[in-house]
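Peer 1: In case you want the letters, here they are:
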Amino acid sequence: MQPTNRSQRILQPVKLWYLYLSLLIAFALTLIPTGHLPGVPDWLALVLAFWSVREPLRVSLGTGFVFGLLVDVGHGAALGQHALAYVLLTYGANALSRRVLWFSPLEQALHILPLLLLVHVVMVVVRMLSGADFPGWWYFTGSFTAALLWVPMHFVLLFPQFRPVERDDNRPI
Amino acid sequence: MSLIGHNTPPIFKRGPAPTVRLMLYVSAALVLLVTDLKFRYLEFMRQTVAVVLYPVERAAATPADLVLNAATYFATLAKVQQENALLRRQQLRMSEQLMRHEQLARENSRLRTLLGMREELPARSVAADVLYAAHDPFSRKVILDRGSTHGIAKGDAVVDERGVIGQVTRVHPIQAEVTLLTDKEQAIPIAVQRNGLRGVVFGAGAGQLELRYLPATADVEPGDTLVTSGLDGLYLPGLPVAKVLRVDRDTQAFARIFCLPVGGVEQSTQVLVMGRLNLPLPPMGGGEDAVVAKAGGGS
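Listed in order, the protein sequences are those of chains A and B.
Heads up: the first sequence begins at 14 in this note's numbering, then just goes up one per residue.
Heads up: the second sequence begins at 620 in this note's numbering, then just goes up one per residue.
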């Protein structure tokens, strides 16, 4: 078999319900009221980026747009603000998908960081054009935390696909 | 669907190219943004989605509630006793004021009838708790646990025990969004309590307010109290808003007047939402009746 990337194991195909469940959980996490605490990651952007890299045929611009609108309503932000940012994010992550999987998770995080920063920059530009205040530099720290979370996230989200096809009670997973 | 960086051979029909799809989605998002920010046409759509999202939001708010509740739970007994004593003293003072207030209100209404002025409109008020600060980091907003089912309407004034803290800008059935006075887009018509000079106060960021569009020679001094003027027909007149912090008269035409809000704009957790009862509309169709009604209302 032709090697696909540096994931040492042959993964099972992703289950669609698991993919959408993880997106919904990430969406619920973004709704936790954290006030203006600095460094809170945008969970949904992270999970969206992850699946757009892993499953570019399943998760792409449309998914980003719809979830972006949901976040806009949930956050009481301008309608289309997150949608625009997430569409650009999923586009970028889709474009990276053929290249980024050859790297280790930590190096992948370095590839994703600019995209996560782009999400914040797009939203700042959109809102400042419409006359809002600059939220302060701490606003961008969220994307760095999110990039750090990429590594553990990588294992959590791929966990069901690590399982072997046949069940073996003597194996841990 | 085709992948970015890989042109699909024309024999396979797999939907529009990625760049085309990107352009479509980006323009859709931009159209939504402009419609929402400039024209505010999308409130209905927002409301519908918000109602569907409500259970998720409540579930997501639970961890924050837990943290807050734990904090209050572990407050020491001494602190509670202290607070209790303070509240007792406050209540004593208030009850004395209330007695005087009742008498004054009666006297006031008598005098008003004597003068032939219209009775002051009674206000409706709803007590509410601040659930949490809104997520949007670009604005200063908080979410209340009461909504349109409890009688809150868009435009109502929100006050705490010291003064005005904001205005209800979006109402959902069981929640309401309050834009705080310190928000850059929030304006409130005021009058200087000392001399009745009218003006409009805007949010200036950094917890401050700015009284704009007053000439450099205007009679405003640091320490003046600003109260709502009630001219907008939304706020009740006479609610304390802010105290003037400093006045900068060196600018060309307008004075730059910075104020500090009186109420605990960014701290209050219990608030009162106050609205005016709807004004009776003057009769339609113009004519003599309308003129009379106008003259009566203008006093």
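Among the hints, a few may not be true.
Said to hold, decoys possible - Label-pair restraints from in silico Cβ distances: (1) A/Leu119 <-> B/Lys698: 28 to 34 Å; (2) A/Phe157 <-> B/Ala678: 26 to 32 Å; (3) A/Pro51 <-> B/Met718: 47 to 53 Å; (4) B/Leu864 <-> A/Leu126: 38 to 44 Å; (5) A/Pro173 <-> B/Leu864: 57 to 63 Å; (6) A/Ser143 <-> B/Gly770: 27 to 33 Å; (7) B/Arg659 <-> A/His49: 33 to 39 Å; (8) A/Leu126 <-> B/Ala742: 49 to 55 Å; (9) A/Arg180 <-> B/Arg677: 35 to 41 Å; (10) A/Leu142 <-> B/Ala690: 34 to 40 Å; (11) B/Arg659 <-> A/Pro26: 26 to 32 Å; (12) A/Pro173 <-> B/Arg743: 35 to 41 Å.
If you're looking for bench data, these hints aren't it; they were derived computationally from the structure.
Virtual Cβ for every residue (Gly too), placed ideally from N, Cα, C.
Peer 1: Compare the structure with each hint and give your call.
Peer 2: Going through the hints against the structure:
Evaluation of the 28 to 34 Å hint for leucine 119 of chain A and lysine 698 of chain B yields a failure: the beta carbon distance comes to about 47 Å. Taking the beta carbon of each, phenylalanine 157 of chain A and alanine 678 of chain B are about 28 Å apart, inside 26 to 32 Å as hinted. Range check, proline 51 of chain A to methionine 718 of chain B: Cβ separation about 49 Å, and the 47 to 53 Å hint holds. In this structure, leucine 864 of chain B and leucine 126 of chain A meet the distance hint of 38 to 44 Å, their C-beta atoms being roughly 42 Å apart.
The beta-carbon spacing between proline 173 of chain A and leucine 864 of chain B, approximately 59 Å, falls within the hinted interval of 57 to 63 Å. For serine 143 of chain A and glycine 770 of chain B, the hinted distance range of 27 to 33 Å is satisfied, since their beta carbons lie about 32 Å from each other. Against the hinted window of 33 to 39 Å, the Cβ-Cβ separation of arginine 659 of chain B and histidine 49 of chain A comes to about 25 Å, which falls outside the hint. For leucine 126 of chain A paired with alanine 742 of chain B, a C-beta distance near 53 Å keeps the hint of 49 to 55 Å intact.
Taking 35 to 41 Å as the suggested C-beta distance range, the pair arginine 180 of chain A and arginine 677 of chain B conforms, at roughly 39 Å. Judged by the Cβ atoms, the range 34 to 40 Å given for leucine 142 of chain A and alanine 690 of chain B holds: they are separated by roughly 39 Å. Between arginine 659 of chain B and proline 26 of chain A the CB atoms are about 45 Å apart, so this pair departs from the stated range of 26 to 32 Å. Separated by about 54 Å at the C-beta atoms, proline 173 of chain A and arginine 743 of chain B break the suggested range of 35 to 41 Å.
Going through the hint list in order, the structure does not satisfy hints 1, 7, 11 and 12.
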